[in-house]
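Enquirer: Here the protein sequences line up with chains A and B, keeping their order. Take the first sequence: its letter number 61 is residue 61 in my numbering, and every next letter is one higher. Take the second sequence: its letter number 92 is residue 92 in my numbering, and every next letter is one higher.
Among the hints, erroneous ones may be present.
What the hints assert, rightly or not - If you want a taste of the chain A side facing chain B, the calculated C-beta under 10 Å gives, among others:
no.	residue
1	M17
2	T102
3	K134
4	G138
Hints in this document: simulated from the structure, not taken from any laboratory. From the three backbone atoms N, C-alpha and C, an ideal C-beta is built for every residue, glycine too.
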Amino acid sequence: MSTKKQNLSSIGKKVLMALTGFFLMLFLLQHLSINLLSVINADMFNEVSHFMGTNPLIQLVLQPILIFSVVFHFVWGMYLEYQNNQARDIKYAKYKGSANATWMSRNMIISGLAVLAFLAIHFYDFWLPEINTKYVQGDMSGMLHGSDHFRYHEELVAKFAHQPIRVILYVIAFIMLSLHLLHGFQSSFQSVGFNHSKYTPIIKKLGNLFAIAVPLGFLIIAIYHYNIHPH
Amino acid sequence: MNLNLKVWRQDSPQEKGKMVDYQLEGISEHMSFLEMMDVLNQQLIENAERPVAFDHDCREGICGSCSMFINGEAHGPVKGTTTCQLHMRSFKDGDTIFIEPFRANAFPVLKDLVIDRSAFDRIQHSGGYISVNTSGNTQDANATPIPKENADFAMDAATCIGCGACVATCKNSSAMLFVGAKISQYALLPQGQVEAKERAQNMVAQMDSEGFGNCTNTGACEVECPKGISLSNIARMNREFLDGSVTK
């Protein structure tokens, strides 16, 4: 039996989706851990933010990998959705998708595009101003203008305090992220071939926990900063 | 019971088809779904119309021929059955029933509800076999020790009847449950190891070239499979494929 040569196979495609998914889930955990500090201790949040924002390894190595993963996961996901739609030209007159699969698993494109829309707002809110301050204006000090303390915590609070529309948009986005993760977490393991009678049920439970706890953490932080700071 | 049927009618692969309404009266709840279709066809013949073409053979749930998409589900609303094992007691008097062929570009409609599933045969030809010397000196299969658990899992995978319900129900028209089962039944046994490195590579390549979609792990195939083939077979296929990609 000789091996047939082929371009990137259907399995290779889903493995790439899973691997970038794993990396993005790790990133979410890291992002949430640091953001939780903003609720617990403003000084600690400032110091960690300054470290993350100025450390060359994080800025010049991890950040480009992250940007690549985000762009790849979105573009690849949309490409696969398009390709999968091409596999059935004549649709069913009646199709009962809910009879055998969850809404989350059938609508990853919807929850995914919602997260993409959120990322546009999120980049506009935080990432672009950060890049502007540090790399366009060249201010790497991390200090608030005309003061002797860090700017990060105040900038975060200013975005949410008395900003109901932004908070609502963020909350909706975190719910969509949760729906995406409810399928995505366990699906990533299946895609790389990890399925075991003993461990898969644990992975599914862990996935549900991750998919609910992580977005809930972000959601609580946004609502906390909306409510807690009198201006 | 009386029924309103909406049935896909298509004269040939080249012509466009459409859903056509039929009324049926006096259907017994003890009839199988295919017997109900026989009654419909008898009625059509008596009215000098062309009967509805549909695949069927054993009518005992083992051949995988009957391939109808009934009310939005492959093989109808009852899980773990083929269409021939579905009975009219699963429906109510006055129900409207949609009857469509299994749909996927890789399964072109030949006539009415009959589809061409030879894509599955070509996938099998590309690697779904083992090389055994059949010159008359064939060793007794039981002479090779195999752990009971592996033998059971291989047998479970081998119960796939190739009906195509997995493809029909998948929102992506993916054939990975079928191919996963066909790879697993050999991957778990020592007899299957000779071609193991190439088998997944070749069968997946053939599957992709037939135009099936990509699996997104919705799990719909596992739920609709009349033989209860598990998603773990897809994960095993992924492992076998990755193993072959890296080591071959």
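Enquirer: Look at each hint and say if it fits the structure.
Expert: Right, here's what the structure says about each hint:
1. M17: Status holds, d = 9 Å.
2. T102: holds, 7 Å
3. K134: Check failed: Cβ of A:K134 comes no nearer than 39 Å to chain B, outside 10 Å.
4. G138: violated, 45 Å
In this structure, the hints that do not hold are numbers 3 and 4, in rising order.
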